[in-house]
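Participant: Chain order of the listed sequences is B and C.
All the letters of the first sequence, read from the start, carry residue numbers 1 to 491 under my numbering.
All the letters of the second sequence, read from the start, carry residue numbers 492 to 846 under my numbering.
None of these hints come from the bench; they were simulated from the model.
Among the hints, a few may not be true.
As the list claims (entries may be wrong) - Facing chain C, according to a computed beta carbon distance under 10 Å, are these residues of chain B, among others: (1) P275; (2) T289; (3) E292; (4) E360; (5) H445.
As the list claims (entries may be wrong) - For lysine-lysine, the following DSS-like pairs were computed, each having C-alpha atoms within a straight-line distance of at most 30 Å: (6) K217/B - K306/B; (7) K162/B - K821/C; (8) K9/B - K33/B; (9) K467/B - K68/B; (10) K702/C - K68/B; (11) K162/B - K409/B; (12) K711/C - K162/B; (13) K217/B - K279/B; (14) K711/C - K306/B; (15) K702/C - K409/B; (16) K821/C - K217/B; (17) K162/B - K9/B; (18) K217/B - K702/C; (19) K821/C - K221/B; (20) K620/C - K467/B; (21) K306/B - K279/B.
Cβ atoms here follow ideal geometry from the backbone N, Cα and C, with glycine treated the same way.
Chain by chain, the residues:
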Amino acid sequence: MKTKPTISKAELAEQLRAFVDADFVITDDETMKPYECDGMSMYCEMPLLVVLPETVTQVQRIMRICHKHGVPVVARGAGTGLSAGAMPNKEGVVLSLAKFNRILNIDPLARTASLQPGVRNLAISEEAAQYGLYYGPDPSSQIACTIGGNVAENSGGVHCLKYGLTVHNLLSVEIVTAEGDVVTVGSDGLDSCGMDLLALLTGSEGLLGVVTEVKVKLLPKPEVAQVVMAGFDSVQKAGDAVGGIISHGIIPGGLEMMDGYAIVAADDFAGAGYPRDAKALLLCEVDGTEEEVHEHIAEAEEVFRKLGATSVRTSQSEEERALLWLGRKCAFPAVGRISPDYYCMDGTIPRRHIAYVLSEMDKMSQEFGLRVANVFHAGDGNLHPLILFDANVPGEFERTEAFGAAILKMCVDVGGCITGEHGVGVEKIRQMAIQFNDEELQQFHDVKAAFDPTGILNPGKAVPALKYCQEYRSLEYKQHKHEHTEAAQHG
Amino acid sequence: MADISQQLQEQVLQARAGGEKLNIVGGNTKAFIGREPSADAGTLNVSEHTGIVDYHPVELVMTVRAGTPLADIEAVLAEQGQALHFEPPHFGPESTIGGTLACNLSGPARPWTGSVRDQVLGIRLINGKGEHLRFGGEVMKNVAGYDVSRLQAGALGTLGLITEISLKVMPSPAASMTLVQEVGMDEVLHYMNSRSAEPKPITAACWVDGKVYLRLSGAKTAVEATAEKWSGEVMEAGAEFWRLVQDMQHDFFTGSDEALWRFSVNSTAANPAIEGDWFIDWAGSQRWFRGTGQLSDMEPLARVAGGQVGLFRGGDRSGEVMHSQPDALKRIQQRVKNSFDPDGIFNPGRLYSWM
Numbered sequence: 001m002k003t004k005p006t007i008s009k010a011e012l013a014e015q016l017r018a019f020v021d022a023d024f025v026i027t028d029d030e031t032m033k034p035y036e037c038d039g040m041s042m043y044c045e046m047p048l049l050v051v052l053p054e055t056v057t058q059v060q061r062i063m064r065i066c067h068k069h070g071v072p073v074v075a076r077g078a079g080t081g082l083s084a085g086a087m088p089n090k091e092g093v094v095l096s097l098a099k100f101n102r103i104l105n106i107d108p109l110a111r112t113a114s115l116q117p118g119v120r121n122l123a124i125s126e127e128a129a130q131y132g133l134y135y136g137p138d139p140s141s142q143i144a145c146t147i148g149g150n151v152a153e154n155s156g157g158v159h160c161l162k163y164g165l166t167v168h169n170l171l172s173v174e175i176v177t178a179e180g181d182v183v184t185v186g187s188d189g190l191d192s193c194g195m196d197l198l199a200l201l202t203g204s205e206g207l208l209g210v211v212t213e214v215k216v217k218l219l220p221k222p223e224v225a226q227v228v229m230a231g232f233d234s235v236q237k238a239g240d241a242v243g244g245i246i247s248h249g250i251i252p253g254g255l256e257m258m259d260g261y262a263i264v265a266a267d268d269f270a271g272a273g274y275p276r277d278a279k280a281l282l283l284c285e286v287d288g289t290e291e292e293v294h295e296h297i298a299e300a301e302e303v304f305r306k307l308g309a310t311s312v313r314t315s316q317s318e319e320e321r322a323l324l325w326l327g328r329k330c331a332f333p334a335v336g337r338i339s340p341d342y343y344c345m346d347g348t349i350p351r352r353h354i355a356y357v358l359s360e361m362d363k364m365s366q367e368f369g370l371r372v373a374n375v376f377h378a379g380d381g382n383l384h385p386l387i388l389f390d391a392n393v394p395g396e397f398e399r400t401e402a403f404g405a406a407i408l409k410m411c412v413d414v415g416g417c418i419t420g421e422h423g424v425g426v427e428k429i430r431q432m433a434i435q436f437n438d439e440e441l442q443q444f445h446d447v448k449a450a451f452d453p454t455g456i457l458n459p460g461k462a463v464p465a466l467k468y469c470q471e472y473r474s475l476e477y478k479q480h481k482h483e484h485t486e487a488a489q490h491g
Numbered sequence: 492m493a494d495i496s497q498q499l500q501e502q503v504l505q506a507r508a509g510g511e512k513l514n515i516v517g518g519n520t521k522a523f524i525g526r527e528p529s530a531d532a533g534t535l536n537v538s539e540h541t542g543i544v545d546y547h548p549v550e551l552v553m554t555v556r557a558g559t560p561l562a563d564i565e566a567v568l569a570e571q572g573q574a575l576h577f578e579p580p581h582f583g584p585e586s587t588i589g590g591t592l593a594c595n596l597s598g599p600a601r602p603w604t605g606s607v608r609d610q611v612l613g614i615r616l617i618n619g620k621g622e623h624l625r626f627g628g629e630v631m632k633n634v635a636g637y638d639v640s641r642l643q644a645g646a647l648g649t650l651g652l653i654t655e656i657s658l659k660v661m662p663s664p665a666a667s668m669t670l671v672q673e674v675g676m677d678e679v680l681h682y683m684n685s686r687s688a689e690p691k692p693i694t695a696a697c698w699v700d701g702k703v704y705l706r707l708s709g710a711k712t713a714v715e716a717t718a719e720k721w722s723g724e725v726m727e728a729g730a731e732f733w734r735l736v737q738d739m740q741h742d743f744f745t746g747s748d749e750a751l752w753r754f755s756v757n758s759t760a761a762n763p764a765i766e767g768d769w770f771i772d773w774a775g776s777q778r779w780f781r782g783t784g785q786l787s788d789m790e791p792l793a794r795v796a797g798g799q800v801g802l803f804r805g806g807d808r809s810g811e812v813m814h815s816q817p818d819a820l821k822r823i824q825q826r827v828k829n830s831f832d833p834d835g836i837f838n839p840g841r842l843y844s845w846m
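Based on the provided sequences and hints, a complete structural model is requested.
Facilitator: Given below as structure tokens:
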């Protein structure tokens, strides 16, 4: 389907400069350099050129030109993605939506916000705070990541179990299609007639359209939030305690688990007062009305004690709550301090398999000769193993990738999936062949073609070409064995 | 409690080979939804494809075959103190989970707890090529591949036969209470929206016959404290009232044969000024209208109110019954349909005449 562009770089730049400010059609390597990767910096590519439009009409004209000439288009928000979904195409355009950074309207009575796609996630809640409202999904990158990117990745965060993912918090999106049409999908009503294209677009990683406006739902800020911290002497007990809370009928605002490595690293970094000798730590936040929080906190403390917690501590002030969360929120950079590099994975598993998965990961860690720290959105089963490595040691990144691939395969084997919230992008494209068969992958390709008949939007990402899948499926086992042997020799 | 997916798959393959069309039928309680079923099509009956495939209360996830009646699912959940939070309408004991998803039907709690589409985690689907495919999964967070599962919500079976659904389920609230008071239609939208903007455990808000009904659910202490603070009489028969609303058995729905229109609009938009009776649900987001008119008359009213309208029940079902689509979206939807069902086997013309 994909053929070579029928236009040269110079011609394309000239055509774009006819309607986009010349300074914002970037063609020189030095200025394009910052666009060569997103948050997954191991995967880099220089684009043909970068363009920063400032109106929807300009986006439309860019798409029409690229469609006509078969030029790939990679839409980009803040570039914080963790699967190389915004990695440029060397024959294509990076379409940065950085200039679309205005909050268009907040309607406090209807509890909605109309946003340009380049608005930062956190900025929405900051602006809504004056009305006692906030925006639910809060990915860890929320200071920098944009709502357009959140739609593309169906971003989550720590509050998903109770407040949902991006897909649950959208009313409508305006997109420019590959062919240059502007369409609004969804409405101010909660449900629309016909097939749910809004859900289909959410999490489509920039393969189906370019988001140019987003309308989100806002939630009333809870009256109170308190967090219970519980330490356990085994991962199994902590895992059981997660089930215990949920069986009890409590849906926490956030429920996070950290393993021993992460506890010590985070405590060193943030001085949060974590129980450093614990093998697993749970942070359980309950939010709601004063009465509800009071009732549920007491119950949560009791459940944790009954299920063998070695320490239980409940925040008594907003400062203390912030401190307890600080360690968790800094867990990634904290782990970064104990290793030259780390690689953040993102699988999801049914929670009942947590102890098994973590102990298997321990074994693999020894086989591959690489340390792994675990932070985990325990409430919704989303694992973030951080594999520690040193990119300067030849072969160590390759070994890390193989370790990561083995973890993802295990996630699928226990009934989970290869990505909970970071997306497939380039990074996990090979593992798609483990989770889906050829017929399913072909259905994805056909859906893509319905939106983008010539395949110019973010080509080569998210859904693998079938010819590589068979190869990967048969190689995967052999390679896994081979890497194990290599690791043992290195280790 | 049987898996007849292979039989269903064979029937699709036969239809394909023979150039036939198929109308999908489950419990056959929602035959009134959508355009008139095609008279030339055979029947693909999924009602025997029943049973709970997997249920782990601790995971808050249930996987169930599409022909399973809602009532069976709810009975199993209730044993574990759990429920379907989207409160699906039952149009009879035979109403199934598959039909509920295909029609994207949710009850009074929808603005607060999400819709059936929101709770779907994964599906299995037989497409028009007779392939039995699996999308999504059984975990809350899963962004691998396009969200084909939620795409089915509202598609009325036009993309394929849903055979299995994995759903998020939730604990039943410990306590519930309903407050009722008289409020005029002029003020009620502001009232319901203001209450919804407060951080209180509100889980339903509707208006009918000059009265507003608010439901509070959650921790007992929180429900009681909020009821104390807010105005309105505690309604003893609150649970029964909401059940009638959920199943569309309230007098408003059963008391007339006139066409029933569903407006899905901005919750704060002024109510359309047309002659007829209104039932305002979802704190203003969903408004039911009983009265005569054409879809072409209703659409501009819905558009002004920021949303869409469809003919839900009764009226002329030989023409279009769903809000019209702009050309670019119509084109995309036809192509999406074609990608799943290239020979146009499933539910021809049920959603739109052009699909």
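Participant: Determine for every hint whether it applies to the structure shown.
Facilitator: These are the hints, each one checked on the structure:
The interface hint given for P275/B is broken, as the beta carbon of that residue sits about 25 Å from the closest beta carbon of chain C, more than 10 Å. A distance limit of 10 Å between C-beta atoms decides the matter here; for T289/B the minimum to chain C is near 4 Å, and the interface restraint holds. Annotation: interface hint on E292/B holds; nearest CB of chain C at approximately 4 Å, less than 10 Å. At its closest, the beta carbon of E360/B sits 17 Å from a beta carbon of chain C; the interface hint therefore is violated under the 10 Å criterion.
Look at H445/B: its Cβ gets to within about 9 Å of chain C, closer than 10 Å, so that hint holds up. For a cut-off of 30 Å, the pair hint linking K217/B to K306/B is broken: about 39 Å separates their Cα positions. Simply put, K162/B and K821/C have alpha-carbon atoms about 35 Å apart, too far for the 30 Å limit, and the pair is violated. For a cut-off of 30 Å, the pair hint linking K9/B to K33/B stands: about 17 Å separates their Cα positions.
With a C-alpha separation of about 27 Å, the suggested pairing of K467/B with K68/B holds against the 30 Å cut-off. Proposed proximity of K702/C and K68/B is contradicted: the alpha carbons are some 58 Å apart, above 30 Å. Distance hint between K162/B and K409/B is fulfilled; the C-alpha atoms sit about 28 Å from each other, no more than 30 Å. For a cut-off of 30 Å, the pair hint linking K711/C to K162/B stands: about 19 Å separates their Cα positions.
For the hint linking K217/B to K279/B, the alpha-carbon distance of about 39 Å lies beyond 30 Å, and the restraint is violated. Taking the CA atoms of K711/C and K306/B, the gap is near 23 Å; set against the 30 Å cutoff, the hint holds. At most 30 Å may separate the alpha-carbon atoms for a hinted pair to count; K702/C and K409/B exceed this at roughly 56 Å. Restraint check for K821/C and K217/B: the C-alpha separation of about 26 Å stays at or below 30 Å, so the hint holds.
Taken as a hint, the K162/B and K9/B pair is broken in the structure, with Cα atoms around 48 Å apart against an allowance of 30 Å. Our distance criterion of 30 Å between C-alpha atoms is met by K217/B and K702/C, whose separation comes to about 27 Å. Simply put, K821/C and K221/B have alpha-carbon atoms about 39 Å apart, too far for the 30 Å limit, and the pair is violated. As the CA atoms of K620/C and K467/B are separated by approximately 21 Å, the hinted pair is consistent with the 30 Å bound.
Pair hint K306/B plus K279/B holds up; C-alpha atoms about 18 Å apart against a cutoff of 30 Å.
Checked against the numbered hints given earlier, the structure breaks hints 1, 4, 6, 7, 10, 13, 15, 17 and 19 and satisfies all the rest.
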